[in-house]
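Asks: What follows is the residue order along each chain.
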Amino acid sequence: MGGYGDVRMIDDNGMRMDGRGPGDLREIFIETGVVPVADGSCRMIWGTNEAIVSIYGPMEAHPRKIQRQDSAVLAVEYNMAPFSTTDRMRPGFNRRSKEISKVTKDALESVVLLELYPRSKIQVNIEIISAEAGTRCVGLTAASVALADAGIPMTDLVVSVASGKINDIVVCDLNKEEDNYGEADLPMGILPNTGELVFLQMDGDLSQEEFKQAWDYNMNAASKVHEIMKKALTGGDGE
Amino acid sequence: MGGYGDVRMIDDNGMRMDGRGPGDLREIFIETGVVPVADGSCRMIWGTNEAIVSIYGPMEAHPRKIQRQDSAVLAVEYNMAPFSTTDRMRPGFNRRSKEISKVTKDALESVVLLELYPRSKIQVNIEIISAEAGTRCVGLTAASVALADAGIPMTDLVVSVASGKINDIVVCDLNKEEDNYGEADLPMGILPNTGELVFLQMDGDLSQEEFKQAWDYNMNAASKVHEIMKKALTGGDGE
Amino acid sequence: MGGYGDVRMIDDNGMRMDGRGPGDLREIFIETGVVPVADGSCRMIWGTNEAIVSIYGPMEAHPRKIQRQDSAVLAVEYNMAPFSTTDRMRPGFNRRSKEISKVTKDALESVVLLELYPRSKIQVNIEIISAEAGTRCVGLTAASVALADAGIPMTDLVVSVASGKINDIVVCDLNKEEDNYGEADLPMGILPNTGELVFLQMDGDLSQEEFKQAWDYNMNAASKVHEIMKKALTGGDGE
Amino acid sequence: MSVPLVPKLLRAHLRELANDNKRLDDRGQWDSRNLEIEHSVLPRAEGSAKVRIGDTIVYAGVKFQIMTPYEDRPNQGGLMCSAEVRPLAGRKYEPGPPSAESIELGRVVDRGIRESGCIDVDSLCIIPGEKAWQVILDLFAVSDDGNLFDAFAIAGIVALKQAIIPGERFGVGEDSKLEVNGTPLMCSYHKVGGRFVYDATFREELGGDERIHITLGDNGNVHSLQKGLKGIFTTSEFEEIMGHALDRTKEIREIINTL
Amino acid sequence: MSVPLVPKLLRAHLRELANDNKRLDDRGQWDSRNLEIEHSVLPRAEGSAKVRIGDTIVYAGVKFQIMTPYEDRPNQGGLMCSAEVRPLAGRKYEPGPPSAESIELGRVVDRGIRESGCIDVDSLCIIPGEKAWQVILDLFAVSDDGNLFDAFAIAGIVALKQAIIPGERFGVGEDSKLEVNGTPLMCSYHKVGGRFVYDATFREELGGDERIHITLGDNGNVHSLQKGLKGIFTTSEFEEIMGHALDRTKEIREIINTL
Amino acid sequence: MSVPLVPKLLRAHLRELANDNKRLDDRGQWDSRNLEIEHSVLPRAEGSAKVRIGDTIVYAGVKFQIMTPYEDRPNQGGLMCSAEVRPLAGRKYEPGPPSAESIELGRVVDRGIRESGCIDVDSLCIIPGEKAWQVILDLFAVSDDGNLFDAFAIAGIVALKQAIIPGERFGVGEDSKLEVNGTPLMCSYHKVGGRFVYDATFREELGGDERIHITLGDNGNVHSLQKGLKGIFTTSEFEEIMGHALDRTKEIREIINTL
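Going line by line, the protein sequences match chains Y, X, S, W, H and D.
The opening residue of the first sequence carries number 4 in the numbering used here; numbering runs sequentially from there.
The opening residue of the second sequence carries number 4 in the numbering used here; numbering runs sequentially from there.
The opening residue of the third sequence carries number 4 in the numbering used here; numbering runs sequentially from there.
The opening residue of the fourth sequence carries number 201 in the numbering used here; numbering runs sequentially from there.
The opening residue of the fifth sequence carries number 201 in the numbering used here; numbering runs sequentially from there.
The opening residue of the sixth sequence carries number 201 in the numbering used here; numbering runs sequentially from there.
Just so you know, not all the hints are guaranteed correct.
Once the Cα atoms are required to be at most 30 Å apart in a straight line, the calculated DSBU-like pairs of lysine-lysine come out as [said to hold, decoys possible]: (1) W/Lys-331 - X/Lys-124; (2) H/Lys-208 - S/Lys-101; (3) Y/Lys-68 - H/Lys-208; (4) H/Lys-331 - W/Lys-331; (5) D/Lys-222 - X/Lys-101; (6) W/Lys-292 - X/Lys-101; (7) S/Lys-105 - D/Lys-292; (8) S/Lys-101 - H/Lys-430; (9) H/Lys-450 - S/Lys-215; (10) D/Lys-377 - S/Lys-68; (11) X/Lys-233 - Y/Lys-68; (12) D/Lys-450 - S/Lys-101; (13) H/Lys-430 - S/Lys-234; (14) S/Lys-68 - H/Lys-331; (15) S/Lys-124 - D/Lys-208; (16) X/Lys-68 - S/Lys-215; (17) S/Lys-234 - Y/Lys-68; (18) W/Lys-331 - D/Lys-331; (19) H/Lys-292 - X/Lys-68; (20) D/Lys-208 - X/Lys-105; (21) S/Lys-233 - H/Lys-450.
These are calculated hints, taken from the structure and not from any lab test.
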């Protein structure tokens, strides 16, 4: 969180530099079946973010010691491609990617019916091809679409959106420039049918009131993203 | 071994800068049971050294391929905490720690009755929280106390002490400043009941006569440390 | 490939700086049995290159998961000793060595009768003790001699030689100085009894005509090297 | 009291207890274990603390290094926070590269402190563009009986508040106190037997579901959140937790401020 | 068509097909699958391309960094080529350090481009001995249905030919086009059922033997060769392959030059 | 003679032999195997040696690099000693990161040479605070039939004594001989069948207990000791070993000094 309060990112009418209102989302496009050799896949464009997700499985889990007798194991790899960022991202071990892989796995395990596939493994690969702000939300949302595309039973899809704060004003779905001057970031993973949560992170500085506003923006935005996800899964490409 | 002979660390009466005579030890304090979740543990303060040791086991050794059919395996991890030294010690792989872990394991395996626990594992974790000179001696001595605290049968405790040379004079138990100007270091691991050895290292420059003097200092010092160890194990804290 | 065309490496009579003609090889010496503890071994000197190869096996392959039910596995380690090069070669992981290990393994697997030894492993260790140009050829050739020395059945030996281009002239078996100014390198692995290939690499710039010339030089040179190999395996040292 | 060791039975046992609104150690849902805080305990560290919560024991140590400021921030020093959970602290920890769990642990504690802005990185500059202080906070677990997150967060901020910048040793001026503006504190909640509890023990963690970590600043502002592990929760569950965290961080802050 | 999954049966099946001069997907021995090339597809890369050959899909992205020239080559920048095949692209790929297979893949594609001399490293010098551009070509697999080598080689040269040196962003002059002199291209051949075929699918690779990779320049010159995997081949087999590669690289080069 | 391969039987067999004061290869308790020393054997090294003790064969090679002296020692160069035991030397060695055994091996040989002070690091300074020579001694095992420690120690000091500092190649003056003051030498003893023997073979190591390594200087001063592996020994056992080492290092030193 940079927090340089002297750059004006929102005008007097509450409009943002890219023309969005405080609660508006960037443009979103979803496409399934983009990795022909996978059991399920999804490509999601969200602003200038682009993620590709492939699913392999359920398949035999090996080596044996990772098998669970009463459920499948879910493995999640979140990674940013070297050309996804302005300065090249060096391949290899990265603590941030490791943490995002883990919390994404924690979120997806909360909805996938793992107990249907004892001793097997479901592999979820999230690759960020182009990064703006909010790649973890794009990755998690796209992963739940890809799992649905692979026909893996889930209690619900997961919609992940983030809100934040710039110039002391709470807004939804920060783009890259807003994020550079942003003062907080609250990404959430929401089950659209119940409003329950499976994913939550936050950093920065939010008063309790600002926090509630950001929470509400996310809840509202989740419904909109959910519509696009359903469209992508049931017919033409979502947009 | 620095070997800068021009700094006087011992006065004309054979007294050292911290007031000790040539054969005297620094102050020692031992406490057991300091890691509540472990099967045995020990905290040892020796001068400004401080080590904490925890023991886990005997427990099932896994993976299976490390099991021995006719005895337990002993695993030893010696490590210096990042804040244990004047310049921060970077965490991670370190050849010195690896070697000390190995020779400590070699020493402890010589006294622990491993054959009583086939197919199991005893884990010994030595953490140096604060380092002066002589951390390997503190670690090995504290480890044998912690093993006793865990009720692991041994033929004897191991007392580890070092003597060295400064200003061409052999002295026992070098402190940090002495070590900086020291010309030799002879750490030994002694079984107090028999005077036998299970650990021996040395580097620097000692004539055969100096070497015998250092050896004798260590043998004498071992008895004194042994008393403190016994006290810590059989009642009040040792000191 | 350096490609500095302004240094003259070949005189007007087609003679090279070390006195060789375009198709001539450097001096070669082969000796077997140089690693007494191994099941087979070979030392090969080729110009200023020197390689030592040891063979262990066929022996039980472990861990079990690397075993193949219907054949042996062949493991190849190609490595350059730290003192083998003008600037010291740092030990440890190295992409070039990894690739050469792999293509050498691919070549040897093509001739070793692996199916005779199900579930077992044959370990081939190639160490370059002194490096001039062409270490991968020396390593592969020496490895096939060492396998024969170990009594491992093969359909044929493998002879590996390279030709290249300097000052726009195609020549056989570049030495180090020629290689520094060389414009291409074509190493091949040839079965001397049939003229078939099991190994092929090339980099640089060769016209189709130059390429054919280099290919032919290698084929001719292979027969000469083969004679030395046979001598080393059937009696006195080859030279 | 005999506690089942098999996770499945442990889970069932914890659910039964929860139905009677009980916990394994007879605490109430929102009660903390005994909390002890000591400072200046590590002779080689420039600031240090030891925190004990029940049978969970941790150290924090602060060290300083000289760094070259990043090109785009020539007037700033840095803060680095590293958490190591080594085999010392429990039989489940193994040596080797950090697990995903311990990476998460370190990063969540780091964010809570960093994002509160309590360390003013501008104040760490020595010569703009050339030299600045890097503050390194090392968190070290001695005994893990659950809730390492809160123990680390408390030990970390206490160690920082005690820290002396070793100007003399590095030949850049006199020793001086590290400026720390505020006392960010974390409260962690685990879902055990179907409902969230505060300050879970190791066994409650073992037989529980998701956990939520909240870091709040002096004025109750939110600086860091994290949900970990498999599990689903509702907005109202979260609001209840947040309410408790607002109270509890105040209590702990008072203890720290009177050390 | 049902294809056996067990490698041994698959090998036998492929041999039968080969005896009838057929392939799994009814292509002829020297036919390519459908080839699609797009460029400028990655918003954050300074040059990029996407290549699809049948169900094999890859990206290539070019990034630039400022490097200090090597002491013995003060007037030269550098070219680095890196190939990652991550779990995304197929169920056989695992995360972790690169396998021998992916190291070979990256190095073979790298050598084809490097040895052709199409990137003039002297032109990358900014200040002799002090600053030069390093061109980094990252090859990235999305879906591996065989013949990643050719897909990477095509995507790589197309991305380079589109690349803009970001002088402004690095404060060293204006943006400018990266000079690329020539279009080196690779053709790969796998021995399947006893004879070489062009552009093998994943299943043909699985049930096949050795492979040969040939990189040719604009004038038909050879820049790189590689034989991989267990297998024996003859000079005349190689000559037949080389003949095909001379024709096919011309065809692909024409497609690229009219993009 | 048939030697049991199972460690337990081998141990029993070695004990029986020891009771008759015999060894597997009919040597006496304090006898060495045949020792051969060659120097200047590695064309690319600035100093080198090959040592053969029975069927144990090793090389040592010396290389030089230019280093920046450490801030607190501006007038000193450095000595680095690295021991690699790669799969070449025996079926028990595996590629990959160094094992605890080979780390110990390298460090013990290193300490013997370093602590004797035979390399005067002050003499390696080129420009105080800026440039100094780093001497790198690489120890390399070809065949391990036991007692690599002594073989490495002998090869190491012989290679150093032959080494030429390559001033010309690095553009810092003329080539010159590396100054080496003294010939530190190691003797190693293994407890086999209950008593210590000198220069154990691989099989004696396999069926034996602890080992002790002693490095002595020209005047009989002790420079390095190490006890390795599980086992207990007495002061009088050690004194007997030390007595032998004093004699044996003198013998080997004479051989080296007449090379």
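Asks: Is the hinted pair D/Lys-450 and S/Lys-101 satisfied, with a Cα-Cα distance of at most 30 Å?
Replies: violated, 45 Å
Asks: Against the 30 Å threshold, does the CA-CA distance of H/Lys-331 and W/Lys-331 hold or violate the hint?
Replies: holds, 24 Å
Asks: For H/Lys-430 and S/Lys-234, compute the direct alpha-carbon distance and say whether it is at most 30 Å.
Replies: holds, 28 Å
Asks: Take a quick look at whether S/Lys-105 and D/Lys-292 sit within 30 Å of each other, Cα to Cα.
Replies: holds, 22 Å
Asks: If you draw a straight line from the CA of X/Lys-68 to the CA of S/Lys-215, is it 30 Å or shorter?
Replies: violated, 54 Å
Asks: Could you grab the alpha-carbon distance between W/Lys-331 and X/Lys-124 and see if it respects the 30 Å cut-off?
Replies: violated, 49 Å
Asks: Please work out if H/Lys-292 and X/Lys-68 have their alpha carbons no farther apart than 30 Å.
Replies: The given pair, whose Cα atoms are some 26 Å apart, holds under the 30 Å limit.
Asks: Quick one, are W/Lys-292 and X/Lys-101 close enough, alpha carbons at most 30 Å?
Replies: holds, 21 Å
Asks: Compare the distance between the alpha carbons of H/Lys-450 and S/Lys-215 with 30 Å, and conclude whether the hinted pair is satisfied.
Replies: holds, 21 Å
Asks: Does S/Lys-68 pair with H/Lys-331 here, judged by a C-alpha cut-off of 30 Å?
Replies: violated, 50 Å
Asks: Can the restraint linking S/Lys-101 and H/Lys-430 be considered satisfied, given a maximum Cα separation of 30 Å?
Replies: Holds, at roughly 17 Å.
Asks: Against the 30 Å threshold, does the CA-CA distance of S/Lys-124 and D/Lys-208 hold or violate the hint?
Replies: OK: S/Lys-124 and D/Lys-208 at ~26 Å, within 30 Å.
Hints 1, 5, 10, 11, 12, 14, 16, 17 and 21, counting from the list given before, are not met by this structure.
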